[in-house]
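So the protein sequences, as listed, match chains A and B. Counted the way the numbering used here counts, the first sequence spans residues 2 to 447. Counted the way the numbering used here counts, the second sequence spans residues 493 to 769.
It cannot be assumed that every hint is accurate.
To be verified - Heads up, simulated DMTMM-like pairs for lysine to aspartate or glutamate below, C-alpha to C-alpha not over 20 Å straight-line:
| no. | chain 1 | residue 1 | chain 2 | residue 2 |
| --- | --- | --- | --- | --- |
| 1 | B | Lys654 | A | Asp415 |
| 2 | B | Lys626 | A | Glu400 |
| 3 | B | Lys628 | A | Glu400 |
| 4 | B | Lys626 | A | Glu398 |
| 5 | B | Lys628 | A | Glu398 |
| 6 | A | Lys432 | A | Asp412 |
| 7 | A | Lys76 | A | Glu102 |
| 8 | B | Lys669 | A | Glu385 |
| 9 | A | Lys294 | A | Glu437 |
| 10 | A | Lys432 | B | Glu623 |
| 11 | A | Lys362 | A | Glu49 |
| 12 | B | Lys669 | A | Asp384 |
Don't read these hints as lab results, they were simulated from the structure.
Given next are the chains, with one letter for each unit.
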Amino acid sequence: MGAEKQYIDLFAQQENLITKHSPEVMNKLRAQAFEDFKRIGFPSSNDENYRYTDVQKAFSSDYGLNLNRLDMSFKPEDVFHCDLPNLGTSLYFMVNDSYVEKTHKDKNLPDGTFVGGFRKFAEMHPDVAARYYGKAASTAHDGIIAINSMLAQDAFVIYVPKGVVVEKPMQLINILRSKVEMMANRRMLIIMEAHSEARLLVCDHCLDYKKFLATQVVEIFVGEGAFLDFYELEETNDLTTRFSSLHVKQEANSNVLVNGITLMNGLSRNNYYFELNGEYAEATLCGMGVMDKEKKVDVYSHITHAVPNCHSTELFKNVLNDHSVGSFAARILVKLDAQKTRAYQSNRNLLLTRDARMYSKPQLEIYADDVKCSHGMTTGQLDENALFYLRSRGIPEAEARMMLSVAFTADVLDHIRLEPLRERLTALVEKRFRGELATCSGCSCF
Amino acid sequence: MPLRHKNYSVFRWKAVSDNIKIYIINMLEIKNLHANIEGKEILKGIDLKVNAGEIHAIMGPNGSGKSTLSSVLVGNPAFEVTEGEVLYNGKNLLELEPEDRSRAGIFLSFQYPVEIPGVSMVNFMRAAVNEHRKYKGLEPVSATDFLKLMREKRAIVELDNKLAGRSVNEGFSGGEKKRNEIFQMAMLEPKLSILDETDSGLDIDALRIVAKGVNEMRSSENATIVITHYQRLLEYIKPDFVHVLYNGRIVKSAGPELALELEKKGYDWIKEPETKA
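All chains should be modelled from the sequences, with the hints used to inform the complete structure.
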């Protein structure tokens, strides 16, 4: 045990400070999380699922934490403008791991819907908060979920009651900002009651060129017939390390789309867990990584079909340049009862240099005997014939390579169900391949 | 007209009137061209001159080097030129990148057009047209003008309006792919067009549409090289010269009547280079 010690000491010494600034419902899980963390620690490189990410190393720096919940010295609205053209989202901010309370009330939110920080939510809906918090992401088997549950002091919450449709897309901006090396422990809790509908775009940004470590646990509960789009866009920088664990539990006839796009990062480990617990539930999990230099994106997913007649589609694509490294390990588990399951898993990767590396492990584990499942993986180079074809029409080689790289990711972007968002993200991806991307054009970060 | 000169000259004389002659630069002049693919010599000394306003047909059996010649002319990196030279408007063509050759006015209608999923025809053509405009020192074309241009050129080869949104050649039928090549040719308005087996895989209606497109674009300013296995296409696109390519060399050159003769007799009767006079 190496990197764990400083976090065990930190928690032992600062538990009072942590709990003092947190809602009670979060504190209830802390002792168990602490016990679990002491027992299992961080995953080691011997762990089959963490072979390509050195977790110990990532956590070994001495990061600062804002356990006192000191106020930020700036208003994010003043420095950060990221309106999607033609989309007009309701905008929310988290700075490091604290939700920034809005100064005025959301006019567009339907009655009964809650969007905001956990403290307020726990006051308004204590029973709902207790019923869902920590119920999808167990601390028992994952040291990173455990440490997040030990240290997290706030959460971004969306609660949409039964039958309510939130028309206006929501956008959460996660800002990392600090004068010193900093660790942030973010939580998100999304509760969609039966037949509700919502769309959320989460953008990760970094405003300071400092070393950041962000852990994130997202718990999503989707009731019968409910509908949720969850888009995530990471545009941080090469000093940022991110460990995300997203957990979705779906009831019958629900429909969930999760699309995780990494455009700029340092090291990102994104875990996705889906449980399809009600018949005719439909899940789409897709994502893409654009990597260059020494960047790394490590995707792990686990989709469980527990009941009959569900449908899942999984598609991850990576474009790797320079010395970047990608990893994809995914499993679809079809349980004995889950007849008539349709489950498709696909991972496709484009290597632009000889030094880029991709590790891929697509897996199906099927116990039912009447299912339609497939999995596949391809890793290759740009099609030389296509490149020549474009050049033969007068398009310069660099431009042609860019067009083909963008084209390669097109079907991940096609899965975006909001037209303006799809257009905007396509433009962003193009900018990324042109090397022009620092932040999105709408943002005036300093 | 002599096609094989002992003394290679970039220029030819053209009589404007009885006592005035002007120099005309050959549009394309290929001299003793040798080319390899993967170390295997395919072209073994090609000589050919093409002038503005002319249509040349290059015929020959399978494996004679017809497609290699077209690939070398547009700079396909899979082929290596080992000897000889190619002048385009008097300048060394072989040192130009494929994109520069295109912008200088050379166009190849591919025998096997490449499918490019994820790149829409409209984005592809806009990028290509704007690169050509940039080369000529023009501003990028406006969105409305571009769509108008697309519509106009599309009509020449009778492609429907769904074309713009579709990915390049993806899911196109054989005929649509070839019509799409001629559509791109119409968009880019090349000086020298090379049609590589444009007739292969076409039914008679598609063939007529393709030929009509090519003929509409024909002018005294531009030239066309038609590479074909069969005489069929030449009924619709009338050549001024017919050359027979065999085993990497042009073994016979004559007028359009040669195509008919080949159709009747096959290629067996001409397999050696014509003896030099």
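Quick rundown of the hints versus the structure:
Simply put, Lys654 (chain B) and Asp415 (chain A) have alpha-carbon atoms about 18 Å apart, close enough for the 20 Å limit, and the pair holds. In summary, the hint linking Lys626 (chain B) to Glu400 (chain A) is supported, as the alpha carbons are separated by about 14 Å, within the 20 Å threshold. Annotation: proposed proximity of Lys628 (chain B) to Glu400 (chain A) holds, straight-line Cα distance about 18 Å (limit 20 Å). Distance restraint check for Lys626 (chain B) and Glu398 (chain A): the Cα-Cα separation of roughly 15 Å lies within the 20 Å cut-off, and the hinted pair is therefore satisfied.
Taking the CA atoms of Lys628 (chain B) and Glu398 (chain A), the gap is near 19 Å; set against the 20 Å cutoff, the hint holds. The suggested pairing of Lys432 (chain A) with Asp412 (chain A) holds, with an alpha-carbon distance near 18 Å, which does not exceed 20 Å. Among the hinted pairs, Lys76 (chain A) with Glu102 (chain A) is consistent with the structure: their alpha-carbon atoms are about 10 Å apart, no more than 20 Å. For the proposed pair Lys669 (chain B) and Glu385 (chain A), the alpha carbon gap of about 19 Å is at most 20 Å, so the pair holds.
Under the criterion of a C-alpha separation no larger than 20 Å, the hint pairing Lys294 (chain A) with Glu437 (chain A) is consistent with the structure, at around 15 Å. The straight-line distance between the Cα atoms of Lys432 (chain A) and Glu623 (chain B) is roughly 19 Å, inside the 20 Å bound, and the hint therefore holds. With a C-alpha separation of about 11 Å, the suggested pair Lys362 (chain A) and Glu49 (chain A) falls inside the 20 Å cut-off, and the hint holds. With a C-alpha separation of about 18 Å, the suggested pairing of Lys669 (chain B) with Asp384 (chain A) holds against the 20 Å cut-off.
In summary, this structure violates none of the numbered hints.
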